[in-house]
Structures are given as C-alpha cells and as structure tokens.
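Those sequence lines, one after another, are chains U and E.
The first sequence begins at 16 in the working numbering and counts up one residue at a time.
The second sequence begins at 16 in the working numbering and counts up one residue at a time.
Note that these hints are calculated values from the structure, not bench results.
Any given hint could be a false lead.
Since copy identity is lost for identical chains, a pair holds within one copy or between any two.
Each computed BS3-like pair below joins lysine-lysine, with the alpha-carbon atoms no more than 30 Å apart [said to hold, decoys possible]:
{"no.": "1", "residue 1": "K17", "residue 2": "K113"}
{"no.": "2", "residue 1": "K17", "residue 2": "K116"}
{"no.": "3", "residue 1": "K133", "residue 2": "K17"}
{"no.": "4", "residue 1": "K17", "residue 2": "K46"}
{"no.": "5", "residue 1": "K46", "residue 2": "K116"}
{"no.": "6", "residue 1": "K113", "residue 2": "K133"}
The residues making up each chain are set out below.
2 protein chains.
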Amino acid sequence: MKFFDDIAVGERAELGVHTFTADDIRRFARKYDPQPFHLDEAAAARSHFGALCASGWHTAAVWMRLMVGHLRREDEAQRARGEAVASFGPSPGFRELKWLKPVYAGDAVTYSTEIAAKRPSNSRPDWGLMSFRNTGVNQRGEPVISFVSVAFVERRPAKGAA
Amino acid sequence: MKFFDDIAVGERAELGVHTFTADDIRRFARKYDPQPFHLDEAAAARSHFGALCASGWHTAAVWMRLMVGHLRREDEAQRARGEAVASFGPSPGFRELKWLKPVYAGDAVTYSTEIAAKRPSNSRPDWGLMSFRNTGVNQRGEPVISFVSVAFVERRPAKGAA
Chain U
16 MKFFDDIAVG ERAELGVHTF TADDIRRFAR KYDPQPFHLD EAAAARSHFG
66 ALCASGWHTA AVWMRLMVGH LRREDEAQRA RGEAVASFGP SPGFRELKWL
116 KPVYAGDAVT YSTEIAAKRP SNSRPDWGLM SFRNTGVNQR GEPVISFVSV
166 AFVERRPAKG AA
Chain E
16 MKFFDDIAVG ERAELGVHTF TADDIRRFAR KYDPQPFHLD EAAAARSHFG
66 ALCASGWHTA AVWMRLMVGH LRREDEAQRA RGEAVASFGP SPGFRELKWL
116 KPVYAGDAVT YSTEIAAKRP SNSRPDWGLM SFRNTGVNQR GEPVISFVSV
166 AFVERRPAKG AA
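Produce the complete structure using the sequences and hints provided.
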C-alpha cells in the first residue's frame, strides 16, 4: 500500500469480480446466516426475495477478501519497483452499509473502492485515517452494496528519521 | 418474531455467547480476510494487535447467526403459545459499525440486541422498519463490536382483514 501522504482523495481502484454460486451462497448461510431464502431454492421462491440470494454479510465478506488481494498485489508491484510499502492498520469500523438489491445465485458482482476522505490521526502520529467508499455492482450494472470503511494507513517516515 | 406493532423501543434480548477459537478465527480468515494477524500466531504477535485475533467481519457474521437463532427460538415459543408469528423481512443495511477492541483467540463474546427505534414503512404498508442497537461484549466486560441494524418487520394484520 502507498503511504497515507501519497494517496489522493478521489483515487479509485477496481478490486475484482466475484460470482455468487448457489453452493457458495448456501455454504456461507449455513455457517453465518441460516435463513430459508439463503439456504433453499423453494423456500426462497416463496419469500419476498423470490429466489435464492446471498446473505448481505456474505457480500460484505467477499469485499474484504478482494480488498486484501488488491492490497497484496499493490504491495508486490511497489516492491518490484523498489518502493517502500506502507502498513494497512486496524479499522475502527464502517458507516452507512446499504444492501441495495438482492444478490441472486449466479450474479457476478464487481467491487470497487474510492478514497472518500483522509486526515492525520490525532492519537497515533505515525498513522493517518483513510475513508474508503466501497461499492459492488452486479452484471446488470445495478449497485447491490455500498458502504464507507475507515482504516489506519501508515504515514511516510520523516526524512532523516530512523 | 412479534409483530412490529407489539414491539417496544427499549426491549432488549441476549442473543448468546460465542467463543472465538484460534481454529475458528483462521477458518473464517482463510476464506474472507486473509491478513497475517488473522491467520498466524507469530505474524500476529509482531503486528499492532500483538496476538491472533478475529476478522471484524467474523465478529459481525457471528452476530447474524446468533440473531437468526434467537428469532427462531422466539418463533417457536410464540407458536407453542398459539400466537401468530410475524415475518422478519429484508434489511436495507446497517449504520455505525464499530470494532471497539480486538477479539483474541479464546475470547468469549456475549451478543445482545436492543430496539433503538421503529417507524412504519412508507413504501410497504404491511411492514414497519425497526432499528436494532447490537453489541458484543467480551469475558472482561469490554464492548468489542457495536452497530445499528435496520430491518423490515411485518405489521399486525388489521382486524377483519383476510
């Protein structure tokens, strides 16, 4: 990851695409969200969703995995260029998570992230706080998930510092 | 679940306790949040967390599972008393998710939910919107997660309606 000081508000990255298969949807639901419309086609057909669809927590967890993969690829590219790599620190949390449309079995969701805001940390002088506006859009171009995540990102060490 | 009309702001329920074992933490992390401090004790010891700890999305997903179990037990108790059971509808999302402390391997988190607000739905007259303030507290009494979720809950059918 780039250092806090080198990241501009408005920078945007595509994180990847995930296809939510019926098996994938049921596997997550059995462990974390065992509601009938996430587990069983027939029950889902009778529900307000009308067909098997993914747990909202599943669509959020997949964002996390794609974000981690994206940061890893970015780190590797920086190292390949001989650049120092900043640490991605803990996240204090998330805001305004919206599940905008159901994600049905077979839907392919493309996730993106955009730098929404940044500010130096008051409590940790070596770190800054970045806000990311994250979105997932299905194969019909419809947004299905949107949220703002916040995370600590390392600041560039001062010149001459250890 | 009780009908929207029969639920009072301030009602509170304990959802259950989950112990986050190291295996459990690594299993979730491998699939959804493969960062070193969620996967490997030695790497976690060197990180800002200091020890293996759960993905924040894992602590949220466990809330969902315990909430589903709680609603199911509530439904069964209502049916045993011969009462009608309301449907728990889709969730438009959540707000203000805060990961307040790391959840380390071996930590036991007790989850609770409290009705924070309610209002009739404008778009769906048969439904109301409920806000739940959800919290997880570890075995030392420290809050580790807090968020507000919103979900549709069925309204009591009008007397004389089909």
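Now for the hints, and whether the structure bears them out:
no., hint, result
1, K17 x K113, "both (28 Å within a copy, 25 Å between copies)"
2, K17 x K116, "between (33 Å within a copy, 26 Å between copies)"
3, K133 x K17, "within (13 Å within a copy, 43 Å between copies)"
4, K17 x K46, "between (35 Å within a copy, 25 Å between copies)"
5, K46 x K116, "both (22 Å within a copy, 24 Å between copies)"
6, K113 x K133, "both (22 Å within a copy, 18 Å between copies)"
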